[in-house]
Each structure stands twice: as C-alpha cells, then as structure tokens.
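Residue numbers (my numbering), protein chains in the order written: chain A, 1 to 160; chain B, 1 to 102.
Treat the hints as calculated values from the structure; they're not laboratory data. Any given hint could be a false lead.
Chain A regions said to be covered by chain B (calculated; three or more residues, Cβ under 8 Å) [to be verified]:
1. 5-14
2. 141-149
To list a few chain B residues with every Cβ distance to chain A over 10 Å, as calculated [as the list claims (entries may be wrong)]:
3. Leu88
4. Leu97
5. Asn98
6. Lys99
Predicted model, so just to flag it, every value in this text is computed and none were measured. Cβ coordinates follow ideal geometry from the N, Cα and C atoms, glycine included.
Here's the letter readout for the chains.
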Amino acid sequence: MTYHNLLFILVVLSAVAAVMARDLLLNALMLALVSVGTALLLFDFQAPWAGVFELSVCAGLITVLFVSAVSLIRREDGKVEDSRARFRAMPLVMGIAAIALWLYGIPFFEALENWSRFSDRTASLGTIIWDTRRFDLVGQVSMLAAGVLVIRSIFPRRKK
Amino acid sequence: MTASFSLDWFFISLIFVAGLYGMMVSRSLLRQFISLEIMSKASLLGLISAGAKTGNLALAQTFIITMIVIEVVVVAAGLALLVKNYRLTGSIDVWSLNKLKG
Numbered sequence: 001m002t003y004h005n006l007l008f009i010l011v012v013l014s015a016v017a018a019v020m021a022r023d024l025l026l027n028a029l030m031l032a033l034v035s036v037g038t039a040l041l042l043f044d045f046q047a048p049w050a051g052v053f054e055l056s057v058c059a060g061l062i063t064v065l066f067v068s069a070v071s072l073i074r075r076e077d078g079k080v081e082d083s084r085a086r087f088r089a090m091p092l093v094m095g096i097a098a099i100a101l102w103l104y105g106i107p108f109f110e111a112l113e114n115w116s117r118f119s120d121r122t123a124s125l126g127t128i129i130w131d132t133r134r135f136d137l138v139g140q141v142s143m144l145a146a147g148v149l150v151i152r153s154i155f156p157r158r159k160k
Numbered sequence: 001m002t003a004s005f006s007l008d009w010f011f012i013s014l015i016f017v018a019g020l021y022g023m024m025v026s027r028s029l030l031r032q033f034i035s036l037e038i039m040s041k042a043s044l045l046g047l048i049s050a051g052a053k054t055g056n057l058a059l060a061q062t063f064i065i066t067m068i069v070i071e072v073v074v075v076a077a078g079l080a081l082l083v084k085n086y087r088l089t090g091s092i093d094v095w096s097l098n099k100l101k102g
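Please model the entire structure based on the sequences and the hints provided.
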C-alpha cells in the first residue's frame, strides 16, 4: 500500500518536472521517468503484460523518438521563448488542484466506487486478444503500418 | 484512511492536471507532446485502476496495449510534423503551424 502510493507520488512529481524543466532533453528524460513509474504501478496492479509494453514501448521507444527529435532541433533559433512565470506558477496550481480534489474529488470517487459492477469473467489475456477482440486487431495493425510510414517520412530518401 | 481506489484516482487526476496545465501554458510543440503523453499516462492508470476494481484486469490490459500502440503512432506522427515544420520555418512554436498552406 505504501509502496503503491509512493509510486503514485513519484509519477506525479516526475510529471510536474517533465512539464516544468527548461531544457527540452530534460523534459524528455523526465517523461521516461513517468513511464517507468507507470510501468511499476502496472506491475503493482498485477498487470504484467501492460507493464512490459509500457516499459519497452513508452519508456524505451517513445523516449528515443523524443530524444532524436530534440537532437534534430537543437539549435538556438529553434527554441521557443515560453513565459517562465507560468511554469514557475505550476507548483501553486498543482497545490490548489490537490486541495480542490481532496475536498471535492474524493467524495465523488468514493461514490463512483459504489457504482462499480464486478465482472465474473475469468478469461485470460490471450483469449480476450485473439478470440473476443479479433476484429480491432486489424485496426491496430494498420495503425502500426501508418506509424512505420510516418517514421519513414521523417527521414526521406534524398533525390539525386 | 481513505480507500485505495479514491486515493488512486486522486493521484491520477493530479497527473492529468499536470499534463493539461503543460498543454495550456507551453507554446513549444515538443512540450505539448510531452504534456499529451502525461495526460495519456493518467488515462492509462485510470483504466487499470478501474479494471482492478471491477475484477476485469485482462480486458483492461488489452485496452492498455491498444492504447500504447496508438500512442506511439500519434507521437511518431506528431514528431514527424514537428521536424518537417522546423525544417520549413526554423521554429517549433505551435503558432508557426498556421503558416502551413495545405
């Protein structure tokens, strides 16, 4: 229980750091930390398949994509002058949000908990993916193909 | 002590607020994508928390795997757009996108 909540606190703090950090590379690395924390939480929720996907794809592949994008735009003229005052105000905004959620959100979530319908399904992950949800795998595969085409468009072949 | 489900959702909402705030205040496309990722992490944790609560973990996991795949494609498409836009305009400002003409 304590481990679970500590992981949640780690994810919240690294999410705030990922938004607030001045350096773009640091933003990307903090996002990787958010992904690692999320993956550990998924393992803690007894969801190892989702955890492995999160750790390999989100903490690995997406971080590589972000870091390569940062390396492609790492010049002074590519930087955007964001107002730092708005980022410095972020802890204050998060504090206000936390107080508001503690006062008004938690009673709502407790009510939500009472409406939950418990499932009697005991199907395994493989049964659900390959038997129950066969059709949307087509969409998933086409999304992956679209992703490959998009990555190919970042690095086009030079015309002679 | 508050029940675990409500406390989980308290933290999930905080993560979502962090991402939403980042999307609202930043003009850099890259930071906006990072904030979008943070928001999708919050929804992912919401899915697994609801799945754990209702005893439907396997279904929640399959949704999460689908979500992660789509997330990767969205990020790849967004970063491709960002790099192309940077090569055209020399900027990653989100407002430079309105110079694109078809």
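Hint-by-hint comparison with the structure:
With 5 residues bearing a CB less than 8 Å from a CB of chain B, the segment 5-14 of chain A meets the requirement of three and the coverage assertion stands. Beta-carbon proximity to chain B at under 8 Å applies to 4 residues in the segment 141-149 of chain A; the threshold of 3 is reached and the given coverage holds. The beta carbon of Leu88 (chain B) is kept farther than 10 Å from every beta carbon of chain A, the shortest such distance being approximately 12 Å. No beta-carbon of chain A is positioned within 10 Å of the beta-carbon of Leu97 (chain B); the least distance is around 12 Å.
Against chain A, the non-interface label of Asn98 (chain B) holds: every CB pair exceeds 10 Å, the least being about 15 Å. With a closest Cβ-Cβ approach of about 15 Å to chain A, Lys99 (chain B) is found to remain outside the 10 Å limit, as its non-interface label requires.
In summary, the structure agrees with every hint in the numbered list given earlier.
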